[in-house]
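One letter stands for each residue in the lines below.
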Amino acid sequence: MNTLAASATSVGEAVQFWVLGTVAVAGAFGTILMRRAVHSALCLAGTMIVLAVFYLANGAYFLGVVQIIVYTGAIMMLFLFVVMLVGVTAADSLKETLKGQRWLAAACGLGFGVLLIAGIGNASLNTFTGLGAANSAHGGNVEGLAQLIFTKYVFAFEITGALLITAAVGAMVLTHRERTERAKTQRELSELRVREGKHLPPLPAPGVYARHNAVDIPGLLPDGTLSELTVSKTLRARGQIRDVSSEALNDLAALEQRSEERLGRETGSHEPHARDESKDPHDSHDSHDEEAAK
Amino acid sequence: MTNSENLIALLVAAPLLGAVVLLCGGRRLDRSGHWIGTLFAAASFVVGAVLFVDMLGKGADERAMHQSLYDWIPVEGFQADVAFQLDQLSMTFVLLITGVGSLIHVYSIGYMEHDERRRRFFGYLNLFLAAMLLLVLADNYLLLYVGWEGVGLASYLLIGFWQHKPSAATAAKKAFLVNRVGDMGLSIAIMLMFTTFGTFTFGPVLEATGETSEGTLTAIGLLLLLAACGKSAQVPLQSWLGDAMEGPTPVSALIHAATMVTAGVYLITRSGAIFNAAPDAQLAVAVVGAVTLIFGAIVGCAKDDIKKALAGSTMSQIGYMILAAGLGPIGYAFAIMHLVTHGFFKAGLFLGAGSVMHGMNDEVDMRKYGGLRKYMPITFVTFGLGYLAIIGFPGLSGFFSKDKIIEAAFAKGGTEGWILGCTALLGAAITAYYMTRVMLLTFFGEKRWQPAPDPDKAPSVEPGIEVHPGEMPHPHESPKSMTIPMVVLAFGSVFAGGLFSLNDSFVNWLKPVTEFEHGHPPISATVITSATVVALVIGLGIAYVQYGRRPVPTLAPRGSLLTRAARRDLLQDDFNHVVLVRGGEHLTRSLVYVDHTLVDGVVNGTAASFGGLSGRLRKLQNGYARTYAVSMFGGTAVLIAATLLMRAV
Amino acid sequence: MNPVNYLYLAALLFTIGAAGVLIRRNAIVVFMCIELMLNACNLTFVAFSRMHGNLDGQIIAFFTMVVAAAEVVVGLAIIVLLFRSRHSASVDDASLMKL
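Just so you know, the sequences run in chain order G, S and X.
According to this note's numbering, the first sequence is numbered sequentially starting from 16.
According to this note's numbering, the second sequence is numbered sequentially starting from 244.
According to this note's numbering, the third sequence is numbered sequentially starting from 410.
Keep in mind that the hints were calculated from the coordinates and are not lab data.
Warning: the hint list may mix true and false statements.
List time: in silico DSS-like cross-link candidates among lysine-lysine, alpha-carbon distance up to 27 Å [said to hold, decoys possible]:
{"id": "1", "chain 1": "X", "residue 1": "K507", "chain 2": "S", "residue 2": "K862"}
{"id": "2", "chain 1": "G", "residue 1": "K114", "chain 2": "S", "residue 2": "K862"}
{"id": "3", "chain 1": "S", "residue 1": "K301", "chain 2": "S", "residue 2": "K754"}
{"id": "4", "chain 1": "S", "residue 1": "K690", "chain 2": "S", "residue 2": "K723"}
{"id": "5", "chain 1": "G", "residue 1": "K199", "chain 2": "X", "residue 2": "K507"}
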């Protein structure tokens, strides 16, 4: 019975393992090293697809398909959904803030990995049985699994169903926000605005006077300062407003320079002083005030 | 018989009532207080005399009387009664205390005449009498302890009677503190007795000594000796007596010469059975007595303050008594006999000294007396008789009692006997020397009177006596209330010893209480007596040569090293200061240091290490989920490693 | 090649996932790393299933997937809540037991 005690797989599988295994490890590293969550999610999805292929290679046809549909298809999309919700452009800083955390993580990880690999290497796993017999016993892998799920593991299966329902309900309960008061109508809102006496007209659109019209770029006021009012509240909350004030000012300065050169005028002594300031909008605001004063 | 037994409590009750009346009576008794006090003291003496007569009428073995007042502490296995025991020994003390006490009350009427706090003084005197009588009448050690503390309290109050003088207040405190050391010995001895015998009562305790181990008895004996040393001013607890002379002179006479300081002798004699069964402790008693008798005598030689010279003499004479008490059955009776005769002549001497001071504007420096015999004839005669008695002039009281002690010391036998005997003989010579010196300086020679000192500079002036700075003293005889007691005591000084020695009457009287054996000295009694007389003559002669034939300088010469040391009480205070005070300070400091560094170090170190540890541990609990994840992960790794290791092993 | 190599690969992925949990601050990425670890476990189960010729391992892997799905649902809901209240998805920001 060769199937009971094979000691090596086919060469094709070996080639597949080494190639795809490399991809899987690369994906795993990508997951933990990418600065943007969306990239991590994509890397993870890649690894999962590779794993699905490995499941298929190992004779777990059902699981391989489920891995692609459920994991890569559903769970990872859920992840992406949340990533989008939280802000897709937000890049994490990879700078470690907890003292020694990275060293500890590295040490633990290394030690753990070495231990696992040592443990596996220590075990005598030279031969393997293969799933041929088990898969064919009930006419195929799916039938075999069904046979087990609905007989031996039927209670666990039912309980898992209950768990899923509970999780779904739990997620809804967690994210649901009860409205405690009636939503204001448009009329009421406009009346409120009049009563408060500010921003009677609609809020200004983004990018006005700023040579851009993207939604995340605030408009510049006539004196060159930013107007955060022009950017959507959500972007403001995420801190995703792009800072263009210094850019704009630099452009303006360059324009003035050029026109002055063209007109042959003497450049003002204030020029370099205003340029080399930090890019902080507040600072540029100050320097602008100075210019205005002069 | 029952009637007389019921009288015993009256002995204590009378002066106690007097004290309560006087101390609680307030100022309305100021004018009559001294009479009330004297009356109660005299009443106690009358009761004592009645009981004495009653006792004489009985057979020698039936004389002991007993009166139980009530159960004081009736606890299972711990029975302490307020009960009195009046036997021959107690009787002797009762008569001495109430007799001399009454006389001194009378004397104080005159002496304290000008003191505005006289009522209080008499209250304290009555309190002292009550406590002292309680001490000698108690039938158990616990009640004795009450009296013991009571006399300590009265002594404290009376030494510090002129509390406005810092020296008096300090002296009172010193006396109290030093006594406390001795009291500690007594209290521990009583505790030891209770654990050993299960009772405090004299009878059972003293009977049980035969069945008790000698070690325990030695311990009890040494503790009792410590108590006696404290109360009787014996080396090493002698330092308070000299300073106690800061009290009024009648107090010095009554408490610090005649009665209280002899409480130690009473204690040792009363506990004779314990000492008889513990020879080591007994020898220690004798040694302490011998050392003190020389110590006190040397101090007495060097003092120019008449009261302090007498205080040194007291210390020395009590040394004789303690020495005798330490000789065992051959000495107890003589110790008590000397105690009684000493009570007479020393009280007389102190009263004489008080009389002299009274006439000399409270001058206490003998170098500023001189030639007083013409001005104070009664004082001179009574003081002179007391003087002859104390030096042991043949035929007077001191001769009989002291000679017996010296004989008994020789009779101790062996080397000890010779050493103790010779010490006692030497003491006799020195006694003769210093008492002759006192006598010569005070009553003979030329007048060396000085104008009264400025009271601001010399704060020792007793209040109430009008002293004008710069005025020369006008010595005069004291009033009758003062001279009569002196005369009575002088009679006692002269005749008591002879009376007691007649047919060994005193020894026979005490025999049923204190065991008695006739000592057999290695040399015949006649030789010893002759040696005593020779010693007396030698001491007297030297003193005469030094002080009788040459003029006495008003200011004390520098003197030899020994003299200077003796003037400083043989460096007793320096010794205490260096050894006890400094030692205590250093001990305390080192303990404080140890406490601060070691104990606090351990405690603080523990706290700090726990603090530091928790500070570090706290960092683990920083709230960051990732830190917790690291520990979880690390823990898992360790678990896996352990599993693998276990499997590998 | 011996299927035991799958085990080595799974161990490697698991360790990488664990390290990611320790290193990353973004709760979503942390969650992804946990998924990676779960997947590594699943690979182990599948590999063992093949080595032992026994389908039980695949059943366990299947249950793992179901439980992981449930966990992701609840976990992501929590992350959304967290983000809503703190305007941040960083696990380090949630270091206090109060807002």
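So, going through the hints one by one against the coordinates:
{"no.": "1", "hint": "X/K507 to S/K862", "verdict": "holds (18 Å)"}
{"no.": "2", "hint": "G/K114 to S/K862", "verdict": "holds (10 Å)"}
{"no.": "3", "hint": "S/K301 to S/K754", "verdict": "holds (15 Å)"}
{"no.": "4", "hint": "S/K690 to S/K723", "verdict": "holds (25 Å)"}
{"no.": "5", "hint": "G/K199 to X/K507", "verdict": "violated (31 Å)"}
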